[in-house]
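K.L.:
Read off the chains here:
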Amino acid sequence: MWNERMEERIRQRVATALWIGIALFVVLSARLWYLSVLRGEWFRERSERNRVRVVFLEALRGNIYDRRGVCLAEDVPRFRLVFLVGSSEEELVMKRVREVLGRDIAFSLRERAPGELVLLEDLPLEDVVKIEENSERLPGVLVEVYPARKYRDGEIAASLLGYVGKVSSEELKALGKMGYRNEDRIGKSGVESFYESLLRGEEGYRRVEVDALGRVVQVLDFRSPRFRYSLQLALDWELQKACYEALGRRNGVVLVGDPATGEILAFVSKPSFDPNLFSRGLSLKEWLDLLEQKSNPLLARPTQALYPPGSLFKILIALAALEEQVVTSRESFFCPGYLEYGDRKYLCWRRGGHGRVTFEEAIAESCNVVFYTLGLRLGPERIARYARMFGFGQDAHLDLPGVKTGFFPTPEWKREALKEAWYPGDTVNLSIGQGYLLVTPLEMYLFLCAVANRGKVYDPHVLWRVLDENGRVVREVKPSLRRTIALRSQTWDTVIRGMEKVVTQGTGFNCRGLPVKLAAKTGTAQNPHGKEHSWFGGFFPSDRPKFVFLVLVEHGGDGSGEAALVARKVVEWILQNRGV
Amino acid sequence: MRREYLFVLVTLCLCILGIVAVYSVDPLRDEGFGPKSFFGRQILWNVVGWALFLLFRFFDFQWLFRRSWLWYLLSVFSLGAVLVFGESDETGAKRWLFSRSVQPSEFAKLALLFFLSSYLSTNRDELDFWSLLVKSAFFAAVPALLVFLQPDLGTALVLGVLWFGALFLGGWHRRKLGLLLGLVAGLSPLSWFIMKDYQRKRVLAFLDPWQDPLGSGYNVVQSQIAIGSGGVLGQGWLSGKQTQLRFLPARYTDFIFAAFCEQFGFVGGMVLLTLFILFFWIVLETAQRVGNLEERFFASLFGILFLFQVGINVGMNLGIAPVTGIPLPFVSYGGSSLLVHLAGAGMIARLIWRTEQEERERWI
Chain A
1 MWNERMEERI
11 RQRVATALWI
21 GIALFVVLSA
31 RLWYLSVLRG
41 EWFRERSERN
51 RVRVVFLEAL
61 RGNIYDRRGV
71 CLAEDVPRFR
81 LVFLVGSSEE
91 ELVMKRVREV
101 LGRDIAFSLR
111 ERAPGELVLL
121 EDLPLEDVVK
131 IEENSERLPG
141 VLVEVYPARK
151 YRDGEIAASL
161 LGYVGKVSSE
171 ELKALGKMGY
181 RNEDRIGKSG
191 VESFYESLLR
201 GEEGYRRVEV
211 DALGRVVQVL
221 DFRSPRFRYS
231 LQLALDWELQ
241 KACYEALGRR
251 NGVVLVGDPA
261 TGEILAFVSK
271 PSFDPNLFSR
281 GLSLKEWLDL
291 LEQKSNPLLA
301 RPTQALYPPG
311 SLFKILIALA
321 ALEEQVVTSR
331 ESFFCPGYLE
341 YGDRKYLCWR
351 RGGHGRVTFE
361 EAIAESCNVV
371 FYTLGLRLGP
381 ERIARYARMF
391 GFGQDAHLDL
401 PGVKTGFFPT
411 PEWKREALKE
421 AWYPGDTVNL
431 SIGQGYLLVT
441 PLEMYLFLCA
451 VANRGKVYDP
461 HVLWRVLDEN
471 GRVVREVKPS
481 LRRTIALRSQ
491 TWDTVIRGME
501 KVVTQGTGFN
511 CRGLPVKLAA
521 KTGTAQNPHG
531 KEHSWFGGFF
541 PSDRPKFVFL
551 VLVEHGGDGS
561 GEAALVARKV
571 VEWILQNRGV
Chain B
1 MRREYLFVLV
11 TLCLCILGIV
21 AVYSVDPLRD
31 EGFGPKSFFG
41 RQILWNVVGW
51 ALFLLFRFFD
61 FQWLFRRSWL
71 WYLLSVFSLG
81 AVLVFGESDE
91 TGAKRWLFSR
101 SVQPSEFAKL
111 ALLFFLSSYL
121 STNRDELDFW
131 SLLVKSAFFA
141 AVPALLVFLQ
151 PDLGTALVLG
161 VLWFGALFLG
171 GWHRRKLGLL
181 LGLVAGLSPL
191 SWFIMKDYQR
201 KRVLAFLDPW
211 QDPLGSGYNV
221 VQSQIAIGSG
231 GVLGQGWLSG
241 KQTQLRFLPA
251 RYTDFIFAAF
261 CEQFGFVGGM
271 VLLTLFILFF
281 WIVLETAQRV
291 GNLEERFFAS
301 LFGILFLFQV
311 GINVGMNLGI
321 APVTGIPLPF
331 VSYGGSSLLV
341 HLAGAGMIAR
351 LIWRTEQEER
361 ERWI
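Here the protein sequences come in this chain order: A and B. Take the first sequence: its letters are residues 1 to 580, numbered as in this note's numbering. Take the second sequence: its letters are residues 1 to 364, numbered as in this note's numbering.
Because the hints were derived from the structure by calculation, they are not lab data. Take these hints with a grain of salt, some might be off.
What the hints assert, rightly or not - Partial list, computed: chain A residues near chain B (C-beta under 8 Å):
id	residue
1	W33
2	R46
3	G393
Claimed, not checked - Between beta-carbon pairs, the in silico distance windows are:
id	chain 1	residue 1	chain 2	residue 2	range
4	B	V134	A	E4	55 to 65 Å
5	A	E4	B	F129	12 to 22 Å
6	A	V129	B	L190	56 to 66 Å
7	A	W42	B	L190	57 to 67 Å
8	A	K95	B	F193	27 to 37 Å
9	A	M6	B	V134	14 to 24 Å
10	A	M6	B	M195	46 to 56 Å
11	B	L6	A	E4	27 to 37 Å
12	B	L183	A	S135	49 to 59 Å
13	A	L92	B	V48	31 to 41 Å
14	A	D221	B	A51	26 to 36 Å
Beta carbons are placed, not taken as given, at the ideal position from N, Cα and C, and that holds for glycine.
One chain only, chain B, in its complex shape (with noise of 0.2 Å):
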C-alpha cells in the first residue's frame, strides 16, 4: 500500500475519531446536527480542514518557506493584538480574537514551524554554532513569550519545545544541548515565584491529585477514574457515567481522551494511540526521505510538535503529565487547532507522494 493512502487513512480515522468523541461529549446532540451543537462545528470544520489539506497537496507550497518572515511577524503582531483587544473564555485568559472565532496561538505554531525550517536551513553554515542558537532563541521567545501573558501556559511550552527540537533536529551538538537542558532544569524552580496561583495549584495537584480530589486535583482524578472504569473494552458509546454526568471537565477538548476511553475502554485508546504513533512514524520517515533541507526541517519539527502535543496531553489525562491546556490533534474539539494540524497533514501527504514520484523516477 502506498504511503500516503496509508497517512490519509490514518489522518482521517483520527478525525472521524474526534468527531465520534465529540458528539458522544456533546450537550446539544439531542437538538441535531446544526451549527450551534458541538459536533455540528466540528464537522464543519474538519469540511474547511480537509479542504486545505487537499489544496496543499495538490499546490506547491514553497512559497510558504520563502515568505516565512511574513508569517512569524503576522503571528507576532496577532498575538500583539490578542493581549491588546483579545477576548476572554471561562477561565479568564486572554486567548481569542474576532468574536472567539479565532485562536492565534494555534496558528503561531504553523508560523514559528516554517519561520525556524527556514531561517535555519537559510543559515545551514551556522548550524551547531552558539550565535544561530541564540537568535533562533530570541526568534522563538517573543511569541512564546506573548503567548505565556494571555496566559497559555501549554502553548508557550509547546512553541519552546519547537525551538528545542530545531536544535537538535538541527544537528547541535549533544554536549550544547545538554548544556541547555541542564540550564532550563536548574532554572525551572525559580518559576516557581513567576507562577500564578492556579498554575502552582496544578502543579501540586500533579504531583499528588488525590490530596484534594474535589479542588485543584479535581481534573486529574476525574479524567483518571473516567480511563478506569472504560475498562478493557470501555462502557459503550454514549455510556460513560464520567463523561455523560459530567463529571469530567474539560471533555470537549483537554480531556477528550479520557472520555474517549471511559467508552471505549483500553482498545479504544490503544486505537487512538496506534493511528497518533503511526501519523508520527509516517511523518518522520517522510522527513528522513525529502532531499530538501527545510522541507526535512518541516516535516521533522511538524513531527515533534505533533508528538509532543500528544505526549502532554494524553499524558496528563493519564495523570503522568501536568495538567497544560494543549488539545489532542485532530480529535480534540476545536477549529483553530484542526485546520493548522490538517493543513500541516496536507504539507506532509504532498511531501510523500512527491518523495515516493522520486524515488520511482530514480528506480526508472
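With the rest of the complex left out, here is chain A (with noise of 0.2 Å):
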C-alpha cells in the first residue's frame, strides 16, 4: 500500500544502500593497503621471480692430454631442448614441437628445475636447426647447448681415465655443501674420479627476463662455464694402444713403467668399455648388461683384481735367501721333479726334473723344488718379513681410486682366521706364490720396480702435469721415494742375472733374441676356475732399466706362452718407437 510510510521506508533504503556503498570501500581500501603496502616487499620479490629465470649452465671438465699432448678425454658441445613451462600453451607447443621434429616425443619429461622441463637430451643437429627455424611458434622452447664427455677410442683406457656421469642422489647428500647440483657430472672411476675436484669446473649461468609465455625477452646476465685445470698424463697414449693391441682377443692386464720416476706408461684392462656410452646416458638395461657381463668389464684389473702371483713370487724368495744367506750364488741343486718333505712329495712343474741347477739356472727354468727347499729354510716369518719390506699387501699409493691390496698370509692370520697351525706345506706353496698368498697386478709390477731399481721404490703415478686454463703448467709431479730396500748388490746381481737368464736360456724363450738386455720372470698361477692364469714380468734394459712391464693373460696358460708372447711385442714396439 503507497503511503507516507512506504515512501519514507524507500527514502531510508537508499541511505542504508549508500552506507553499504561506504563500507565497501572501505574493505576494498583496506585490502589494497594490505596488498600493496603491507605485503609490497614480498609480492615484488614474487614479480621479480616471475619474469627473471636462472639457467644454470654446466661446468665444462678440463681435458685429459697424455704425456705427448694427445687429447684423450675433452668436453665436445651437444644439444638438449629444454622446456620453460609456465605458459598456458603447454599442449599446444608440445603439439608443435612433435610437429616440428616429425616424430613423437616419448613423454619422459624429466624436470630439472622447477619449472624447466628436459624434453630430449643429444639432439641431432638437423633437429636443432629444425626447432631454430620455428623458435616463433614455440614460446618457452629452447635449444641449450650442454657438455658432454667424449674420450678417444673409448675401450682402450677406460679402465684409466674412468667416465663421468651424473652426480647420484647419494653422492649429492654426501657433496651437497660442496656445490653439486642435480644435474651435474661428476667422475664415476678411475682419474675422472680420482682427480674430480681439479677437473671439475665453474659452471656459469644465464638470466634471463621471461615473459607470460616463457619467451626470453631479454639476457640480463651471463657468465660462461668454464675449466679450471686440465691433467697432462704421464701415461703414453701410442704405447698404450700397442699394449692393448698386443693382448689381442685375451683378458688380462699388461703395465708399463718407469721405474726412476714411478710414471705409468700404460695401463691396459682387458676386458674394457666404452666409457662414451656412459656421457650419451645409459639406459638401465644397458647398465644391467654392463655389471653381469661375467668378464666384469668395469673392473680396473691392474689395482681391483687378484691373482696368486704364481712362479713371479720366486724372485722374493731368491732375494730373501740370498741375503739371509740361506743360500750362495754358487750353491747347485739336483731336482728329480720332485721334493719330498714329511710325508708327502712336492712335484716341480717339469716332471722328469731337472736334473742338477745353479741357483741362478734355478731362476732361468723356474724350478720348483729349488724354492720349495729355499722357502723351507727361509721359513715363513722370514719371508713375511721380506714380503713387507717389499711393500706387499700395502697401500700402493697409486693416484686411482678404488686401488685394492693383496694379501700375505702368515702364521699368525691362519691361527687366528683358520683356527689351524702353519703347517710346512703352507710354506712349499707360499713360496712357489701359490696357496693363499694374492697380489693385485699392480703390487706385482711395483715389486719389479723395486727389483729394477735395486731397491729404491717411488709412488707410481698416472698424473704428471697439472695444465691450467692456458695451457701453463701449474703443477708438475716430481718422483716421491716411497721406500729403500737395502739388500747387498751381490744379492740384485745375482738375481737379476738370473732373471736375464730366464730369457736367454730359461722359460722365458719367447722373449729371446731381443736387441735389448732384458731381464724377466714367468709366472703361472693355479686357479680353481679354469685354466692358469699366465705371468711375465721384468725390466730392460737390465742395466740401467728404463722400462718396467708386467703383463697378465687370464687363463693363459703358463707364462712362458701366452703372456711372453704379449710382452714381446710390447717390447719390441718400445725398441721400435721409443727406443731405449
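Dock chain one against chain two, each of which comes alone in its own frame, and use the hints as you go.
P.N.:
Now the structure itself:
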C-alpha cells in the first residue's frame, strides 16, 4: 500500500545503500592497503621471480692429455631441448614440437629445476635447425648447449681414465655443500674420479627476463661455464694402444712404467668398456648388462683384481734367501722332479726334473724344487718380513680410486682366521707364489720396479702435470721415494742375472733374441676356475732399467706362452718406437 | 561547486584514467593512434559514449520509462538471438552479435533497470507484496537465464542483484528479504552440481589460489602480484613487469584494476576507488532528491548496479571476490559497457540538473 510510511522506508533504503557502498569502499581500500603497502615487498619479490629465470650452465671439465699432448678426454658440445613451463599453452606447444620434429617425443619428461623440463637430450643437428627455424611458434622451448664427455678410442684406456655420469643422490648428499647440482656430471671412476676436484670447472649461468609465455625478453646477465685445470698424464697413448692391441682377444693386464720416476706409461685392463656410453646416458638395461657380464669389464684389473702371483714370487724368495745367506750364488741343487718333505711329495712343474741346477739356473728354469727348499730354509716369518719390506699387502699410493691391496698370509693370520697351525706345506706353496697368497697386478709391477731399481721404490703415479686454462704448467708431479730396500748389491746382481737367464736360456724363451738385455720372469698362477693365469714381467735394459713391464693373461696357460708373447710385442714396440 | 559539475568531472576522470590504463596495456600502442589499437577504439567509444551522455543530459528521457516493456522485450529477443546466431569469444562463450561488436547482455542491464523501475512504480500499491515479488522475479529471471546460458555467470549475477536491489529499494520488509537471501544461500551449494568444470575450478581457486598458482589460480595470483608489486607509489606508467610482460591475464578488461595499480600503486588505486565512491555517492544523493518514484528507483538502482560491478571487479582483482567476467565501469576496455554506463550517467546528470533547478525554484 502506497503511503507516507512506505515513501519514508524507500528513502531510508537509499540511505542504507549509501552506507553499504561506503562500507565496501572501506573494505576494498583496506585490502588494497594490505596488498600493496603491507605486503608490497613480498609481492615485488614474487614478481621478480616471475620474470627472471636463472638457467645454470653446466661446468666444463678439463681435458685429459697423454704425456705427448694427445687429447684423451674432452668436453664436446651437445644440444638438448628444454621447455620452460608456466605458459598456458603447454599442450599446444608440445603438439607443435612433435609436428616440427616430425616424430613422437617419448613423454619421459624430466624436471631439471622447478618449471624447466628437459624434453630431449643429445639432439641431432638437423633437429636443432628445425627448432630454431620455428622458434617463433614455440614459446618456452629452448635449445640449450651442454657439454658431453668424449673419450678418444673409448675402450683403450677406460679403466684408467674412468667415466663421468650424473651425480647420484647419495653423492649429492655427501657433496651437497661443494656446490653440486642435481644435473651435474661427476667423475665416477679412474682419473675422472680421483682428480674430480681439479677437473671440475665452474658452472656458468644465464639470467634472463621472460614474459608470461616463457619467451626470453632479454638476457640480463651471463657467465659462461669454464674449466680450471687440464691434466697431462704420464701415460703414453701410443704405447697404451700398442699394449691394448698386443693383448689381442685375450683378457688381462699390461702395465708399463718408468721405475726411476714411478710414472705409469701404460695401464691396460681387458675386457674394457666404452666410457662414451656413459656420457650419452646409459639406459638401465645397458647398465645392468655391463654389470652382469661375467668378464666384468668395469673392473680395473691392474688395481682391483686379485690373483696368485705364481712363480713371479720366486724372485722374492731368491732375494730373501741370498740376503739371509741361506744359499750362496754358487750352490747347486738337484731336482728329481719332486721334493719329499714329511710324508708328502711336492712336484716340480717339469715332471722329469731339472737334474742338477745352479741357483741362477733355478731362477731361469723356475725350478719349483729349489724354491721349495729355499722357502723351507727361510721359514714363513722371514718370507713375510721380506714381503713386507717390498710392500706386499700395503697401500700402493697410486693416484687412482679403488686400489686394492693383495693378501699376504702369515702363521699368525692362519692361527687367528682359520684356527689352524701353519704347516710346512703352506710354506712350500707360498715359496712358489701359490696357496693363500694373492696380489694385484700393480703390486707385482711395483715389486718388479723395486728389483729393477735395486731397492728404490717410487710412488707410482698416472698424473704428470696439471695445466691451467691457458695451458701453462701449474704443478708437476715429482718422483717421490716411497721406500729403499737395502740389500747387498751382490744379491741384486745375482737375481737380476738369473732373470736375464730366464730370457736367454730359460722359460722366457718366447722373448729370446731381442736387441736389448732383458730381465724377466714367467709365472703360472693356478686358478681353481679354469686354465691357469699366465704372468710375465720384467724390465730392460737390465743394467740400467728404463722400462718395467708386467703382463697378465687370464687363463693364458703357463707364463712362458701367452703372456711372454704379449710382452714380446710390447717390448718390440717400445724398442722400435721409443728406443732405450 | 555545483553537484552536476562534480559529477561530470568524476565521470570524465574515470573515463580518462580508463584510456590511460588501456593505453598502458595495449600491445599495439606503438603503431600509433588508430582504430586497430585498443586505446584508439576506447577513445572512439568514449566519443560516442559522451555524445550519448549529452543527448540524455539535454533531452528528456521520460519516454524511456513509458516504453520500458519494449526495451525489455527487445533485450530478451536479442539475448535469444545471441544464443542462436551469436559469435563465440576466446573462452568459447557466445556473447556477441554483429561480428563481435555488440554485447547484448550489457544493454540488457539497462533494459532491466528501466523495466523494473517502471514496473514497480506503476504497481506501487503492491510494493511489499509477495505477488509482485514473484512476478518481478519472473521478469528478471528470463534475461538472467538467457545470459546464464551463454554462459556468462557474472552478468547473470548482475541481473539477479539488480532485481534484489529493486526489492530492497522498493521497500519490501526486512523479513521477506532476509527469507529470500536465506533461501538463496541455502540453495547455492546445489549450484555446484550445475556448474561447469571451469566454474568449479574458479570457485576452488578463489578459496585458495596459491594451491595451483600456474593453473586455475593463475589469474588471482598474478593479479595480486601485480597489485602488490606496485607498492605505495607504483612502478610508473608503462612500466610494471606483470603487465608489460603479460603475466597478468585479461589486462584490458577484467584485470585492468590490477594493471593500473601496478603502475600507479596504492595511491593510484585509492584515486580510482575514491572516484568510484564519489560517483556512487552523487548518484544515490540524487536518488534521494528526485520526487518522482520511477526516477528515484532508476537512479538508486543504477547506483547499486554500479556499486556491485565495481565491488565484484575490484574485489576479484584484490583476491577477495571470485573471478567472474564483470568489467570495471568506465575503465575496462569495451564499447558496450562504456556506452551503457555513459548513457546512464547522462541521465543521472539530467536528474541532478533538474533537482538542482527545482530546489532553486523552491527557494525563490
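K.L.:
Please flag the earlier hints that this structure goes against, numbers listed from lowest up.
P.N.:
Of the numbered hints, 3, 4, 7, 10 and 14 do not hold.
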